[in-house]
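> Protein chains in written order, with the numbering used here: chain A, 1 to 150; chain B, 1 to 142.
Derived from the structure by calculation, the hints contain no laboratory data. Any given hint could be a false lead.
Said to hold, decoys possible - Using C-beta positions, here's what the derived DEER-type ranges look like: (1) Ala-77(B) with Leu-113(A): 34 to 42 Å; (2) Pro-62(A) with Asp-80(B): 49 to 57 Å; (3) Glu-86(B) with Gly-44(A): 24 to 32 Å; (4) Phe-74(A) with Ala-112(B): 21 to 29 Å; (5) Arg-25(B) with Thr-26(A): 27 to 35 Å.
All C-beta atoms in this analysis are idealised placements derived from N, C-alpha and C, irrespective of residue type, glycine included.
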Amino acid sequence: MTTATATPAGRIDVRGPRVSAAITATVLATALVVQGTAGIGLVGLQVAVFATAVTLGVARSPWAAVFRAVRRAFDLGPASATEDPGPPRFAQACGLVVAGAGLVALLAGTATLGWVLVGIVLGLSSLLAVTGLCVGCELYVLGLRLRGGS
Amino acid sequence: MIARLVIVAAIVAVAVVAGRWWQSRQGRVRAVDPTRSDRTTDDEPAVVSGVVSATLVSTPTCRTCPQVRRALDEVAARADDFSWDEVDATTDLDMVRLHDVRRAPTVLFRDARGDVIARAAGAMGAHQVAEAVGIDATVLAA
């Protein structure tokens, strides 16, 4: 049995988004500490990762690929639980909007605003990484309800 | 550099503490105000008695719904006078509005007349369900 086929079609391993969030938090924390050109470059890298997840799906995000490589390398076994990729993808879109706005602010020279926005994304991604609570995913459910005209 | 490290650590710490607090509130069963079916009474309910059935409000994409489904099944298997059903929040919006359901999963606990007398939102385990239904949680598998 291979771990690659253990996840039902159309669903993702729940550990994927958490590991991705941990990598995201690490990248953004490093960016916040070093700042300058290197820091802005790291924010740009993360914005590109968010954009990939939103356009191609969370399973094709570079950080998801890192997770799968780690899962293979350390033989972490099949997913204990799977989830619909819709809410995580929506969460990545939220990350893209906020971090993207932060990147624009940094490139425009409004550094404080830019780093505050990066800090927000850092907080939310570390929240997901450590506790498994995905705020963007919760918003997705609320969004479904609003779309229903409530 | 040190100041930035402190800021980064503070952001992560605040996020984690807030998350833990939020998680601690998951699945907490609260009594429903009898005069307003969409309102709960104080955070800590008086003893909720007379629960005979429950409705799980779920969505197809909800991550913790399978866990709540298992919890309800487990309690239903051990309590003869308890049953539960499930509605899809994305197709049954009237239900969602009537009871002001804001999150999936939400569990509505009903009395013999079918009135909602308690509710809980978020992931919940069999012990929390058993408590609401009023059966001895020790009969559940650990």
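> Does each hint hold? Answer for all of them.
Comparing the hints with the structure gives:
1. Between Ala-77(B) and Leu-113(A) the beta carbon distance is about 55 Å. The supplied range of 34 to 42 Å is therefore violated.
2. A beta carbon spacing of about 53 Å between Pro-62(A) and Asp-80(B) agrees with the range 49 to 57 Å that was offered as a hint.
3. Look at Glu-86(B) against Gly-44(A): about 45 Å separates their beta carbons, and that is not inside 24 to 32 Å.
4. For Phe-74(A) and Ala-112(B), the hinted distance range of 21 to 29 Å is not satisfied, since their beta carbons lie about 53 Å from each other.
5. Remark: the range hint 27 to 35 Å for Arg-25(B) to Thr-26(A) is upheld by a beta-carbon distance near 28 Å.
When each numbered hint is compared with the structure, violations occur for hints 1, 3, 4.
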